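Participant: In case you want the letters, here they are:
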Amino acid sequence: MKAVTGIPVLDEVVEEFPESKTLTYWIDPEVEGNAFAMQTIYTNLERGFKCAYVTVTISPESVISEFEEFGWEVKEFENFEIVDLYSSYVGFPSKCKYNANPINLEEVEVLMKKVLEKFDIVFLPASSIIDVCGEEALRCIKDWCSLAKSIGKRVVLSFVAWPYSKEVKDGIIEISNALVKVGGIHHRVILGYYYGLVKADWKNVKSRAILFKLVRPGGVRAYIPKILVTGPYNAGKSSFVHAISNRAVSVDRLGTTVALDHGHLEYKGFSIDLFGTPGQERFDPILRMLGKEALGVILVVDSTKPETFPRAKQMLESVTHFGLPYVVAANKQDLPNALPPEEIKRRMVLPNDVPVIPISAVKGEGVYKVIDALLDLLIWREGEDELEI
Amino acid sequence: MNMVEQKYQLIPGVELRKGSNVMIYGPTFSGKAMFAKSTFRKLINSNYGGIYVLTRETAEQLIEWLGNDYNPNKVKIIDCVTKSMTGEAKDTASIKRVTVMDLTGISAKISKFFEEFWRSGVKDVILVFDSLSTLLMYLNIQTVFRFLHILTGRVKMTGAIAFYIVEEGMHDEKTIVTLKQLFNGMIEFKEENGKKYVRFVSSLVKTEWFEIVVDENSVVIA
Chain A
0 MKAVTGIPVL
10 DEVVEEFPES
20 KTLTYWIDPE
30 VEGNAFAMQT
40 IYTNLERGFK
50 CAYVTVTISP
60 ESVISEFEEF
70 GWEVKEFENF
80 EIVDLYSSYV
90 GFPSKCKYNA
100 NPINLEEVEV
110 LMKKVLEKFD
120 IVFLPASSII
130 DVCGEEALRC
140 IKDWCSLAKS
150 IGKRVVLSFV
160 AWPYSKEVKD
170 GIIEISNALV
180 KVGGIHHRVI
190 LGYYYGLVKA
200 DWKNVKSRAI
210 LFKLVRPGGV
220 RAYIPKILVT
230 GPYNAGKSSF
240 VHAISNRAVS
250 VDRLGTTVAL
260 DHGHLEYKGF
270 SIDLFGTPGQ
280 ERFDPILRML
290 GKEALGVILV
300 VDSTKPETFP
310 RAKQMLESVT
320 HFGLPYVVAA
330 NKQDLPNALP
340 PEEIKRRMVL
350 PNDVPVIPIS
360 AVKGEGVYKV
370 IDALLDLLIW
380 REGEDELEI
Chain B
0 MNMVEQKYQL
10 IPGVELRKGS
20 NVMIYGPTFS
30 GKAMFAKSTF
40 RKLINSNYGG
50 IYVLTRETAE
60 QLIEWLGNDY
70 NPNKVKIIDC
80 VTKSMTGEAK
90 DTASIKRVTV
100 MDLTGISAKI
110 SKFFEEFWRS
120 GVKDVILVFD
130 SLSTLLMYLN
140 IQTVFRFLHI
150 LTGRVKMTGA
160 IAFYIVEEGM
170 HDEKTIVTLK
180 QLFNGMIEFK
190 EENGKKYVRF
200 VSSLVKTEWF
210 EIVVDENSVV
220 IA
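Line by line, the protein sequences give chains A and B. Sequential numbering of the first sequence, starting at 0, is according to numbering that gives the first Met the number 0. Sequential numbering of the second sequence, starting at 0, is according to numbering that gives the first Met the number 0.
What the hints contain is simulated information worked out from the structure, not anything from laboratory work. Predicted model only: the values in this text are computed from it and were never measured. Treat the hints with care, since some could be wrong.
[Unchecked claim] Distance condition first, Cα-Cα at most 20 angstroms in a straight line; then the derived PhoX-like pairs of lysine-lysine: (1) Lys-212/A with Lys-111/B; (2) Lys-141/A with Lys-165/A; (3) Lys-165/A with Lys-198/A; (4) Lys-117/A with Lys-165/A; (5) Lys-267/A with Lys-225/A; (6) Lys-74/A with Lys-111/B.
Take the sequences, apply the hints, and build the full model.
Facilitator: As C-alpha cells, then:
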C-alpha cells in the first residue's frame with residue numbers, strides 16, 4: 000500500500016507520499032497547523048506504516064490527548080511510537096522507549112538515527128527543535144532528512160514560520176521535497192484558514208489554496224463557507240439543494256420557498272454549506288445580502304422555460320457583481336422540451352467559460368457535476384491562488 | 000484617537016492608545032500581577048473582551064478570583080499550567096490549555112480568541128500575559144522574541160491593549176533590553192522601606208513614582 004498525506008484534496012493532487020521524501024507543513028504562527036502532520040501520521044498508521052512522532056515542547060501524554068481530540072486513537076496502534084524530547088528537558092522521567100534530552104544534540108542524533116532506521120515515517124517538529132536547541136539544530140534536521148532519503152524512509156516536518164533568519168527558512172525549503180503552506184486570511188483578526196501545495200518534486204503541479212477548518216473529531220476538513228443557490232421561481236432550487244445535501248431544510252408555504260433552503264454537503268473532503276434563495280422578486284434584498292457573503296453561486300434554471308432566462312440573468316447579476324464565480328445548472332433535462340445546455344448558454348448570452356451543466360434535480364441526475372464544476376472554478380482556477388512561502 | 004477611559008487609569012497622566020503593548024516590570028510581590036488582574040477586571044466590566052494567558056496559576060484560580068465578574072463570553076483564558084502538570088485537561092469554549100513551551104499553541108489560541116471577539120462584535124480587548132518570565136525559564140530569548148514579535152503585531156493590528164509581566168531580577172540586562180524593543184512602554188514597580196511604588200516609562204513619558212497600596216483585589220494610588 001502506498002503512503003499518502005491524508006489531507007483532503009492534497010492527495011488527489013500529489014497522489015502519494017513516496018519513500019525517501021520529506022513533506023513539510025509550513026505553518027503560519029497564528030494558525031493551529033499541527034493537525035496536518037498528525038493527520039498524515041494517523042492516516043499512514045491506519046495503512047500499516049510504522050510511524051514515529053517526535054515531541055519537544057509538548058508532553059507525550061498531551062500528544063496522545065491531541066490525537067484523541069481528533070478521534071485518532073493512536074495508542075491502539077502497535078506501529079506507533081512517540082519520541083520524547085520533552086520530559087528530560089523539563090525534568091520529568093520519560094515513560095517513552097525512545098527519549099533523549101534535546102540540550103544534548105549528540106544524544107539526540109544517535110537516537111534519531113535509530114528511529115529513522117526502525118520507522119517508515121517520522122514526524123519532526125522542525126521549528127520546535129530549533130526553538131529549543133538553537134538554529135544550529137538545522138544542521139541536524141538536514142542530516143536526518145538526508146539519512147531518511149538514503150534509506151528509503153519518509154519525513155514529515157512541521158515548520159512554524161516564526162521570524163527566523165533567512166538561512167533557517169532557506170534551509171527548510173531546501174530539504175523539503177514537498178511544501179504545503181498552512182496559512183491564515185489576515186485581516187485585523189484572522190478570519191479564515193487555508194492550505195495549499197507550494198511544491199512537490201515528484202509531481203508537476205500548480206499551487207492551489209484550499210480553505211479549511213479543524214473539526215474535532217475529524218481533523219482537517221476542506222470547506223467552502225457558503226454557496227448560494229439561486230434562480231427564478233419554480234426553477235427547482237429547493238429540489239437541487241435537497242438532492243445534493245446530506246441534510247437539508249426548507250421553509251415553505253404552499254409548496255414554494257418563502258425564506259431559505261439550507262443544505263449541508265460533505266463531498267470529496269469538502270464541507271459545503273448551500274443556501275437556496277426564494278425566486279420571487281420581493282426577496283431580492285435577501286439575495287443581495289447573501290451574495291455579499293457567498294464564495295460561489297449556482298444558478299438553477301428551468302431548461303423548459305426560456306421565458307424565465309431574463310429573470311435568471313437579473314438574479315445572477317445582483318449576486319455576482321462582487322466577482323463571484325458561478326455555474327449554471329440547466330434543470331429539468333428529463334422533460335421532453337428541455338433546451339440543451341449550449342442553447343441555454345446562447346440564449347442567456349453567457350461567457351464561453353461559464354459551465355452549464357445538464358441536470359434533473361428531482362431524479363438527482365448530474366447534480367454532483369454542478370458541484371464539481373464550481374469546485375473547479377473556486378479551488379483549481381489556474382493562475383489564481385498562487386502560493387508563495 | 001481611542002484611549003482607555005480616564006477612570007480606568009492607574010497612573011495619572013498616562014494614556015494608553017489602542018494597540019499598545021506594555022511591559023509590567025518589577026520585583027516579586029511588588030503588585031505587578033494584582034495590577035494586571037485588577038486592570039483586567041475593570042476593563043471587562045467596561046465592555047472589553049478579555050484574554051488572560053496564565054503560566055503561574057490555573058484557569059480555575061483566576062475564575063475564583065474574578066468571582067461574579069467572570070463571564071465566559073467575555074473572558075477567555077489560556078491556561079499554561081494545568082496541562083504541564085497533569086498532561087490531561089479538557090478545553091472548553093473559553094478555556095484552552097497548553098503547555099508553557101508550546102508557543103504555537105499559545106499563539107494560535109490567542110489569535111482564535113481575537114477572532115471570536117471580533118465576530119461577536121467585541122472590538123475592544125485587553126490581553127494579559129502572566130508572565131514572560133516563565134517562558135524565559137524554558138526558552139531562550141531569541142525564541143521568545145520571535146513569538147512576541149508576532150503577538151505584539153497582532154495586538155497592534157486588532158487595536159487591543161496588552162500587558163506582559165516580567166520579573167525583575169530573573170533575567171540579565173540584555174534580555175530586558177531585547178524585550179523592551181517590542182513594547183510601547185513599561186509600568187515599573189519597586190519596593191522601598193516597606194512601601195510600594197509604580198511609575199510609567201516610555202520613550203516619550205516618564206512619570207514620577209507613585210506610592211501604591213496593594214491588597215487581594217486591587218492596586219490603588221496611596
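Participant: Each hint: holds or not?
Facilitator: Hints versus structure:
The suggested pairing of Lys-212/A with Lys-111/B holds, with an alpha-carbon distance near 12 angstroms, which does not exceed 20 angstroms. Taken as a hint, the Lys-141/A and Lys-165/A pair is honoured in the structure, with Cα atoms around 16 angstroms apart against an allowance of 20 angstroms. With a CA separation close to 19 angstroms, the supplied pair Lys-165/A and Lys-198/A stays within the 20 angstroms bound. For the hint pairing Lys-117/A with Lys-165/A, the CA-to-CA distance comes to about 33 angstroms; that exceeds 20 angstroms, so the pair is violated.
Restraint check for Lys-267/A and Lys-225/A: the C-alpha separation of about 16 angstroms stays at or below 20 angstroms, so the hint holds. Note on Lys-74/A and Lys-111/B: the hinted pairing is violated, with a Cα-Cα distance of about 29 angstroms set against a maximum of 20 angstroms.
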